[in-house]
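Visitor: So the sequence lines, in the order shown, correspond to chains A and Y.
Using my numbering, you'd call the opening residue of the first sequence number -10 and step up by one each time.
Using my numbering, you'd call the opening residue of the second sequence number -10 and step up by one each time.
If you're looking for bench data, these hints aren't it; they were derived computationally from the structure.
Treat the hints loosely; a few may be bogus.
[Said to hold, decoys possible] Pairs of lysine-lysine residues, derived as DSS-like cross-links and limited to a Cα-Cα distance of at most 25 angstroms, are as follows: (1) Lys808/Y <-> Lys638/A; (2) Lys565/Y <-> Lys700/A; (3) Lys639/A <-> Lys772/Y; (4) Lys637/A <-> Lys328/Y; (5) Lys2/Y <-> Lys474/Y; (6) Lys639/Y <-> Lys827/A; (7) Lys639/Y <-> Lys772/A; (8) Lys780/A <-> Lys712/Y; (9) Lys700/Y <-> Lys772/A; (10) Lys798/A <-> Lys805/Y; (11) Lys808/A <-> Lys639/Y; (12) Lys772/A <-> Lys805/Y; (13) Lys805/A <-> Lys805/Y; (14) Lys808/Y <-> Lys805/A.
Number of protein chains: 2
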Amino acid sequence: MAKYVYSFNEGSKDMRELLGGKGANLAEMTKIGLPVPFGFTITTEACNKYYEEGQKIDEALVDEIYEKLAELEEVMGKKFGDTEDPLLVSVRSGAPISMPGMMDTILNLGLNDEAVLGLAKLTNNPRFAYDSYRRFIQMYGDVVLEIPKTKFDEIFDTQKKKANVRFDFLLSPEDLQIIIAGYKELIKNELGFEFPQDPKEQMMGAVMAVFRSWNNERAILYRKLNDIPGELGTAVNIQAMVFGNMGETSGTGVAFSRNPSNGKNRLFGEFLVNAQGEDVVAGIRTPVEIAEMANVFPEQYAQFEKIAKVLEEHYRDMQDMEFTVERGKLFMLQTRNAKRTALAAVKTAVDMVEEGLITKEEAVMRLEPAQVENLLHPMFDEDKLKEATLLAKGLAASPGAACGQIYFNASDAEKAAAEGQKVILVRLETSPEDLAGMVAAEGILTARGGMTSHAAVVARGMGKPCVSGCSELTVREEGRELIIKNRIYREGDFLSIDGTEGTVYEGKIATVQAGMSGNFGTLMTWADEIRKLGVRANADNPRDAKQAFEFGAQGIGLCRTEHMFFDEERIPHFRKMILADTEEERREALKEILPYQKEDFVGIYQVMKELPVTIRLLDPPLHEFIPNTDEELMALSREINIPFEKLKKKALSLHEFNPMLGHRGCRLAITYPEIAEMQAEAIITAAIEVSKSEGIEIVPEIMIPLVGNVKELQYVKDVVDGKAKELIKAAGVNMKYLLGTMIEIPRAALTADEIAEVAEFFSFGTNDLTQMGLGFSRDDTGKIINEYLAKGIFEEDPFQSLDQTGIGKLVEIAVKLGKEKRPGIKLGICGEHGGDPKTIDFCHRTGLTYVSCSPFRVPIARLAAAQAAIKEGK
Amino acid sequence: MAKYVYSFNEGSKDMRELLGGKGANLAEMTKIGLPVPFGFTITTEACNKYYEEGQKIDEALVDEIYEKLAELEEVMGKKFGDTEDPLLVSVRSGAPISMPGMMDTILNLGLNDEAVLGLAKLTNNPRFAYDSYRRFIQMYGDVVLEIPKTKFDEIFDTQKKKANVRFDFLLSPEDLQIIIAGYKELIKNELGFEFPQDPKEQMMGAVMAVFRSWNNERAILYRKLNDIPGELGTAVNIQAMVFGNMGETSGTGVAFSRNPSNGKNRLFGEFLVNAQGEDVVAGIRTPVEIAEMANVFPEQYAQFEKIAKVLEEHYRDMQDMEFTVERGKLFMLQTRNAKRTALAAVKTAVDMVEEGLITKEEAVMRLEPAQVENLLHPMFDEDKLKEATLLAKGLAASPGAACGQIYFNASDAEKAAAEGQKVILVRLETSPEDLAGMVAAEGILTARGGMTSHAAVVARGMGKPCVSGCSELTVREEGRELIIKNRIYREGDFLSIDGTEGTVYEGKIATVQAGMSGNFGTLMTWADEIRKLGVRANADNPRDAKQAFEFGAQGIGLCRTEHMFFDEERIPHFRKMILADTEEERREALKEILPYQKEDFVGIYQVMKELPVTIRLLDPPLHEFIPNTDEELMALSREINIPFEKLKKKALSLHEFNPMLGHRGCRLAITYPEIAEMQAEAIITAAIEVSKSEGIEIVPEIMIPLVGNVKELQYVKDVVDGKAKELIKAAGVNMKYLLGTMIEIPRAALTADEIAEVAEFFSFGTNDLTQMGLGFSRDDTGKIINEYLAKGIFEEDPFQSLDQTGIGKLVEIAVKLGKEKRPGIKLGICGEHGGDPKTIDFCHRTGLTYVSCSPFRVPIARLAAAQAAIKEGK
């Protein structure tokens, strides 16, 4: 026969699925001999059975519960409903996965009109006894009998007024008895039956209420948000009550075994004499720091300190504990692994390795990759933040906190920064003309634009804090002022923004930063020892490359050559190239661009030294470089001295209905091989130059984008090889380079065997692969994706985390075919997924060589890659 | 040791790869005892060897050739270079696949200064002998020695002028001797050596020239255009010369065993007394019909007639033959399967089955699917066409010939047609407003717009002839006139257009049409017996459905519901639906659309009876229904009484960067389930109504477009099922329907197992699958695709014929996964590829249930499906 109820001494921490987290931990504590009030757990299977049987508890289960109850009575030496020394219990839910505050709890169960007398006599504290009874009826009425809480509150408040007392605890036993009578009357009026006096009946009602609470709205919503399956069910814990409010020798507390905020290795928490947990939460009395417990209850404090150590060693992790002292005796009510900040997670993990408590692998598993970002960007000092005034919320467009004086255009911002001011650039929205101002600023704040607006994308690229789309702002760029909540802020005023949260604060708030050194550096070193996947960065210029290098990137996985062309000095030449009518004219314009392009590569090689740098040839459709409004075209016409009509005609001819699927990528190189030639020249001559000047061996990796057919690749390879070989020969050096391709078109993945005959490496461009494989234009379908997430059609945004079922299959096919044809082929990923931990786990399992992500995600990727290796090893 | 040379009596017709087409056929004719001048064939392997060895013929091969030459001399009883009766030979190329006129031929080889005397004596015709010698030197000088032909012509013309004769054949033997001397001098001056007198040297030179000709520019281009591999190589045929120009008992002719134009079973060809083939080609003398040979050479004619029958029976196909009568003796010089018109192909195939010559399977293989279209559309009467004046060439936008009076706008065209005129609608370009005019017209002619312009797409859909993008036309719509080549044509003037050729003719040209009856009907019946693949049609309205039904479609594979909304009466309601701010407003507008939608389905069901009809729910992005210029919006604003600003705002909000990958397909149904509900209602109520009225059982197939994730399908299925079940229940009937999906997003193909859990059928939307799988927007990349075709990156336009390597792989994956999950799943294809024979062959091999194509392609598909089954059986 199945067993549905376990006494605390029958379970263990490994039975979480069956007993729930709380029940398993109570059993575990009991097992290792800690002072836990005895009790038993009704399993999650019983909960599922309850639902299967149409929300009923069958006879067999009732019998089993009563059996365990009898055992509890025996262990405690008390009887349910006893008029001398009644057994009181708490009834608490406990799911396998923690759902804090999501379900209901009932305390003091077992009290009735008789037992309350016994309790009063026993404790010699009638006020305590009646207050407990009154609380029990109220909780039971609300949770089990489902009578609105406000109706109880009314009765309570009426009596409080009558008694003319300010605080609840000033009510006399008589007042409480009146309230109890009122409560019972209320219940009878509402339901037509009396408040149950039989403790067993009370208990069964409470058990069913806990089962029911598994499917209340709050719980369902929480599970949906946290991806917890509904089939798990909840367990019910029935435990003998202990009281922290039995006078000055009693008390209650919650404590962490270390500081969950910064990880310091000493108890952290709060304690309150003569109180129950409820009182702490209700905020009626202010608890004191746990350390002060040593003064009041030195013996119990010492005992608790020892228990905390025992639990830490037992669970091998920081613990979050609840305890009660009842008339001088310490009882442990709960323990669980503690939630903690990134800072604390890092310090604790490293400390515990040094203490010999956990292995490096375990330490590496202790930090959530998502938390890493917090460590890299400046954060507001928590203490200072408490006093700050929140002005508005926008989109968390680029993480990190910044504070500075506000300026409303790029040149003002630049000037102020040059004078040594810290600047926040405020714009309606930014455009490429604002670039210099963005570089000069500490952070960017815009009133319009989404997560993929210019401000957001550029700021993320720069690693600068940005809050975008902050629609509560009225920005008057001309008037150099902004209005939030009817307050005007003018040029030079201080604001603080937090791009991790999307918040805007008034005035200055101090910031702090963890950086790559210290404990975090140590943890990263361990991660590097463990991981098998390489980690590179996407960087388009020496500045980003340097940032990536400092964050531990082992190379550049994607250097986009086109971003370089948007620079003010360069774009006129690039536009001339686009507007050329003949190959000769195009070659003329390209000649002007060549030195710039080479200069960038020189800078990147100098930073990366012998680490690999993958440079992608020109990718975007040419229309992106030509303005699209008549006004802008008119201005451009004057600037570069080409008739407006010609410009307009060219702009129209470049227009495409679906530019995503249009004339871009290698298709440009096939139509205009001279562009690829120029780029090859810049890549190769820069490499020759830096190899010589630094005395190192650089092996550039040239990447051809948007290949769908091996013949496209072959065509461009011939162009690149022709130029490269000529230059290498002319320089009289012996330089190697690799030529590979993006796998970003579904057909490329499907024919990767053919492509691997020509390509020496693949880099999965999962952005485009997702767009084409799913038929979702990233620029257009943000709204649809949100709708899909809301309707449960998508579990995750496929542009954030790789769709492993669909797009992942394409990657797997390509990896398999590519390796078959060219066993040593280098395989990378350079879409934005490259920095997503789940995707990194997938890349590890699929056998990729490296992931490449934005510089600020490099440490995340290093950690996630190590965790993937550890998980696989298990 | 490998054998590189075969005498004609050593080979057979099955040795085409080795001996080339001509050589194999000469051997075959020799084998079956026909009078063929003896000779031998140097194999294609020898040609490849020649190239492998750096364009050299090795000793062993020379010896082998000389051995066969000795045999030839013996058989003919003549010696090479003999001064009495010299052996003369022709040297002809002959590749495994016919490349007409692509390579060079040399006649009269073996003549030299001595042999010419023998020939003169023997034939008693010095003019003939010297003329033969002069022709030989000229041909040899041109082909083998590579001296420009014009230089020989100069010498010839100079002498002709000196002799003061009008025709070549009036030159005297002395004139010819002077020319010969001049030719020889030219050669010596050009090359520094004498024209070779040794016939063996002549022969080896000619053999190498033939080998070289395999790689001349013409040949390479032809192979490229016709997809013939360069590794095949060419054979060389060396054959004893016979002369049709040896006087009045000699002659030459070419003839087909049946009429290649209409297939009538009697000899068809031309004959010329005392002439060589060359003379016929040169047009110096006019040949007579082959039948007249019976009068001149009754005996030889009878013999040839018999031989023609023998050859037909032997080759089991219509033959195209060349022969010569030399002094009363008939020689066969060549035979090959005849090229023929579609009409002739059909009649011959059916006749031959009736004659017991070939099987039905063979008959079905005899018609090229590409030829079928010619049979379905009206064609100009060939005889009348000869006399017509070609005015201009545009794009062959929609096949078929038409003639009528020209009108310049839709309403004039409608009016004229209503009065019984045949009308050609002439427009700069057409727009949806011209629809009524297009319906009324026999054909459409536009000055602008490509193969996918409105005119082209709509005309193809209607099966009407259309010439689009005819840029030579100046169309003055207002002035009701058009100008071609400085001639003005006014309203009411007659023009004839051929949409198969893209040609425009002056005046009226009579048309003819084959239709589905007669021989073609018979052949189609046989095809239906053989094929395993079903054939359905894409049809959006009862008219197209009727056409499809008449062409033998076994159902509708794709009924696009959105085309119905463009109708003048309906589009205002549809626009109101789009512009609605609330679900209620949308439901209001949908209520107006419902009756129209239902009416269409009723019409289609009435045509198709119990044949399956697959109806696709709304697919295109909504912006397609809203005008995009401010002027049009302004007009719409007045028309539907909605403020311009609101319209403009909505139009902007509907704008997408990549609409192809945007808010369309099932995504619309997920955002606006009420649209899917309305469509489901129309589909189901129409089916219930027609089932009742016709007393038949209709099982509608409801198809959800653009599914990439099974959850999308499930979501829409729930909506459709909800409505459908409610309606079926309310009607009190027992109706079934199927619900399936398009597979047109790569992810759908990759996760077809998941999708097949919900979908009862798949229909491959290979247009979108190609766009997304290849990353090519069809609207944008026409130019790139042409460039790719020119550069050899694409072998075929992937939108015309399915890319079997890439997109085909997706189809295969989906078929495999779909069948695994749901073994009986119906699998169709409804992209435009559904009418392409190569794609149909692929669909057959991949195990699809049916293909669906435009009505006019249904017969092509029936034939292609049968051919696929036959090919597989082999």
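Visitor: Hint by hint, note whether the structure agrees.
Guide: Outcome of the hint check:
1. Lys808/Y <-> Lys638/A: 52 angstroms, violated
2. Lys565/Y <-> Lys700/A: Cα-Cα ~49 angstroms, so violated.
3. Lys639/A <-> Lys772/Y: Cα-Cα ~15 angstroms, so holds.
4. Lys637/A <-> Lys328/Y: Cα-Cα ~52 angstroms, so violated.
5. Lys2/Y <-> Lys474/Y: Violated, because 52 angstroms separates the two Cα atoms, which is more than 25 angstroms.
6. Lys639/Y <-> Lys827/A: 38 angstroms, violated
7. Lys639/Y <-> Lys772/A: 15 angstroms, holds
8. Lys780/A <-> Lys712/Y: 20 angstroms, holds
9. Lys700/Y <-> Lys772/A: Measuring from Cα to Cα gives roughly 18 angstroms; hence the hint holds.
10. Lys798/A <-> Lys805/Y: Holds - the C-alpha atoms of Lys805/Y and Lys798/A are around 15 angstroms apart, at most 25 angstroms.
11. Lys808/A <-> Lys639/Y: Outside the cut-off at roughly 50 angstroms; violated.
12. Lys772/A <-> Lys805/Y: Since the Cα atoms of Lys772/A and Lys805/Y sit roughly 34 angstroms apart, the hinted pair is violated (cutoff 25 angstroms).
13. Lys805/A <-> Lys805/Y: 19 angstroms, holds
14. Lys808/Y <-> Lys805/A: It holds: about 24 angstroms lies between the C-alpha atoms, which stays within 25 angstroms.
Violated hints, in rising order: 1, 2, 4, 5, 6, 11, 12; the structure is consistent with all others.
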